[in-house]
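Undergrad: The primary structure of each chain is shown beneath.
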Amino acid sequence: MRVSWQSLGRLVGTTAFKLSVVYMLASAIFAGGLLLYVGWNARRLIDEQIGQTLTAQINGLADQYRIGGIRRLQTIIERRSRQPGSFLFLLQGPQSEMIAGNIAGLAPAVMSSTELTETTYQRFEEVDGQTQASTRGALVRVFVLPGNNRLLVGRDLEEREPQNSVLGQAIRELIEAMLVFGGLGAFVVARRALARMDAMTATSQVIMAGDLSGRLPVSGSGDELDRLAVSLNAMLVRIGELMQGMKEVSDNIAHDLKTPLTRLRNSAEQALRVGGTKEDYRAALERTIEESDGLIRTFNALLLIARAEAGSGADAFVAVDVSRLLEDFAEIYEPSAEEAGGRLEASIAPDLVVQGNRELLGQVVANLIDNALKYGLPPQAGASPVIGLSALRDGETLLIKVCDHGPGIHVANRGKAIERFGRLDESRNKPGSGLGLSLASAVAHLHKGRLLLTDNDPGLAVTLELPLLSTAS
Amino acid sequence: MLQAMKILVVEDDADAAAYLVKAFAEAGHVADHAKDGLTGYGMAEEGGYDCLIVDRMLPKMDGLTMIGGLREQGLQTPVLILSALGQVDDRVKGLRAGGDDYLPKPYAFSELLARVEILGRRKAPQAAETVYAVADLRLDRLSHKVTRGGEDIPMQPREFRLLEYLMRNAGRVVTRTMLLEQVWDYHFDPGTNVIDVHISRLRAKIDKGQARPLLQTVRGAGYVIRDGV
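Sequence order for the protein chains is U and P. Each residue of the first sequence is one higher than the one before, counting from 1 in this note's numbering. Each residue of the second sequence is one higher than the one before, counting from 1001 in this note's numbering.
FYI, nobody ran anything at the bench for these hints, they're computed from the structure. C-beta: ideal position from N, C-alpha, C; glycine also. One or more hints might be untrue.
Just some of the chain U residues that point at chain P, by a computed CB distance under 8 angstroms [unchecked claim]: (1) Ser219; (2) Ile296; (3) Ala316; (4) Ala330; (5) Ile332; (6) Asp351; (7) Glu359; (8) Gly362; (9) Gln363.
Chain P is nowhere near these chain U residues, computed Cβ spacing over 10 angstroms in every case [as the list claims (entries may be wrong)]: (10) Thr114; (11) Val144; (12) Arg150; (13) Thr259; (14) Tyr281.
Sequences are here, hints too, so could you generate the full structure?
TA: Dropping the structure here:
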């Protein structure tokens, strides 16, 4: 019982319930007002009609008075008064004495006004053979006859009352019906909303407890709660991906940073343990510095990626002449390619400008060329690297392409290659942090572009798609 | 031998500062230490330093504020900013605040030393020389001509700029990243030996067949162009 009272209280407390009740009350008031207005108008119409009949009666009686004087009028009134359902009549002499009529008493001052007046009166009625006076409402009009006689003609308002009571009852019933159905409606709506809210709350509590796989229920009706649930679910998916990414990253950091750290520690420890000449120590220390430099490099790359992914650096965007930047890099790397016995073939369209961060773009291009030099060797023994660096305009897009003739990356592995530390097993024994492509991808996203890995037949083609800066701006 | 420099190290990490002071002393310079921004500001203002090394994050007054204040006072001493942030936009901020060079932590001391020695020289700008000479190697900045022992050495534009930078700083060690920054104007980690390849090509042009090699590699640091060892 306690529980059900509690749940009722929660039900009444819901926004849906409150809103339903408010709407219900508002429409009841409106409907009631409408009925009252109709009633008032109908009553005015009836009053007007009564007034017209009264005037007609008075005019007729005044004519009779002119023809036959007060006597004739008295006779006519007495006759008419006796008719059932007759008008009300009262004929008074100059001293306000009653000459004829069927009215026993009147509210004072009625006789002095000639306007159409609503008033009360007493009337003689025959009930069970006895004459009784009863107070009733009437609409009357007074006419002053020559000789200061006053004639009152009126109409009992009984005939108007049924209409009023019909209206009154209609209003009452209407409001009752509205209360019942509105209350029920509010109850149902609130229960429905509450049930869905409860489901959502339960799911979010599950999620808060750490299970990110929970999803808010979607009823499929496409209403506002559904839309909210859908977008919250999309958010959960994104959070889940980020969490998964974080987990993978931390796993990979653990692996790829701990490995060199272990090497570093081992070599220092060994130098201490084994001892040896000054030169041995020196060599051990140099190895240590080399390892730490590698670690720092990995760390910096991670930081760069994190910052690029967080959108940092976008505030320092300037117009970057990519054509010049690529020509510079072709020049910087050409000797290295030739040193390896190969060549770097550059084909760069002029005047390609993007809005971007020059340093980040430069670092990415450097990484891509460096990757091509390291991993792009043709599989045949003694082969030399041939690296293509090209840039061209494709509509509003700039395509920067770095390709090699190496073993390439299998389609199935391309996604992994872009991931942080996604160094493919085939290349784990080669130097490098495995962060080059993920940095390129992060920087591409930062510049509202993307990174594509495709086949160079044979070899790998890495394409950086960036939106060109429109020449107008 | 280079002239000894007087250097102020503004750094809140006592160990790092002590290491720097000692290392500069070993390199033949004199270094003082200020442990926070306010102290550093006062010491730098007193003057007499050839170069300031300023950490970005300092107690009492942060590094950039300190540099900005000194520059407003009209102090022209070259400033090298050290920062653990080490990101592209931080470099821009640092240089905008009045720094002359920027080095992200962690750094190799050889890199810091090379940069400081070149910065310190800036304090006394010589009349722009048009001809640089080291032994019998001559570089004419106006005619873009390079000769060794009177013989013309044909140079590509970028090789010329590389040699020009090395010769302007003749006798001072220049690191790979400094070359990348100064000759190509890029601040990134070249990763591989790209600069080494450029240097070895340059060396082939100027030192090949010569009894006295001028372009020398300083192990663990960079390159230097000088006559003798």
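Undergrad: Let me know if the C-beta of Glu359/U comes in closer than 8 angstroms to any C-beta of chain P, holds or violated.
TA: It holds, given that the least Cβ distance between Glu359/U and chain P is near 4 angstroms, below 8 angstroms.
Undergrad: Taking the closest Cβ pair, is Ile296/U under 8 angstroms from chain P?
TA: Hint holds; Ile296/U Cβ to chain P Cβ min 6 angstroms, cut 8 angstroms.
Undergrad: Does the claim that Arg150/U lies outside the interface with chain P hold up, using a Cβ gap greater than 10 angstroms?
TA: holds, 104 angstroms
Undergrad: Tell me if the interface restraint on Gln363/U is satisfied: Cβ within less than 8 angstroms of some Cβ in chain P.
TA: OK, holds: Gln363/U within 8 angstroms of chain P, min 4 angstroms.
Undergrad: Hey, does Thr114/U actually stay past 10 angstroms from chain P on C-beta?
TA: Consistent with the label, Thr114/U stays out of reach of chain P, its closest Cβ about 96 angstroms off (over 10 angstroms).
Undergrad: Let me know if the C-beta of Ala316/U comes in closer than 8 angstroms to any C-beta of chain P, holds or violated.
TA: holds, 5 angstroms
Undergrad: Would you check whether the claim that Tyr281/U is not at the interface survives, using Cβ distances to chain P and the 10 angstroms cut-off?
TA: holds, 15 angstroms
Undergrad: Does the claim that Val144/U lies off the interface hold, with its Cβ farther than 10 angstroms from every Cβ of chain P?
TA: holds, 103 angstroms
Undergrad: Does Gly362/U hold up as a contact with chain P if the rule is Cβ-Cβ below 8 angstroms?
TA: At 5 angstroms from the nearest chain P Cβ, Gly362/U passes the 8 angstroms test, so the hint holds.
Undergrad: For Thr259/U, is the shortest beta carbon distance to chain P beyond 10 angstroms?
TA: Holds, since 19 angstroms exceeds 10 angstroms.
Undergrad: Close enough to count: is the Cβ of Ser219/U nearer than 8 angstroms to one in chain P?
TA: Nearest chain P Cβ about 47 angstroms off; hint violated.
Undergrad: Using 8 angstroms as the Cβ threshold, decide whether Ile332/U counts as touching chain P.
TA: Hint on Ile332/U: holds, closest Cβ of chain P at ~5 angstroms, below 8 angstroms.
The structure is inconsistent with the numbered hints 1, 4 and 6, although it conforms to all the rest.
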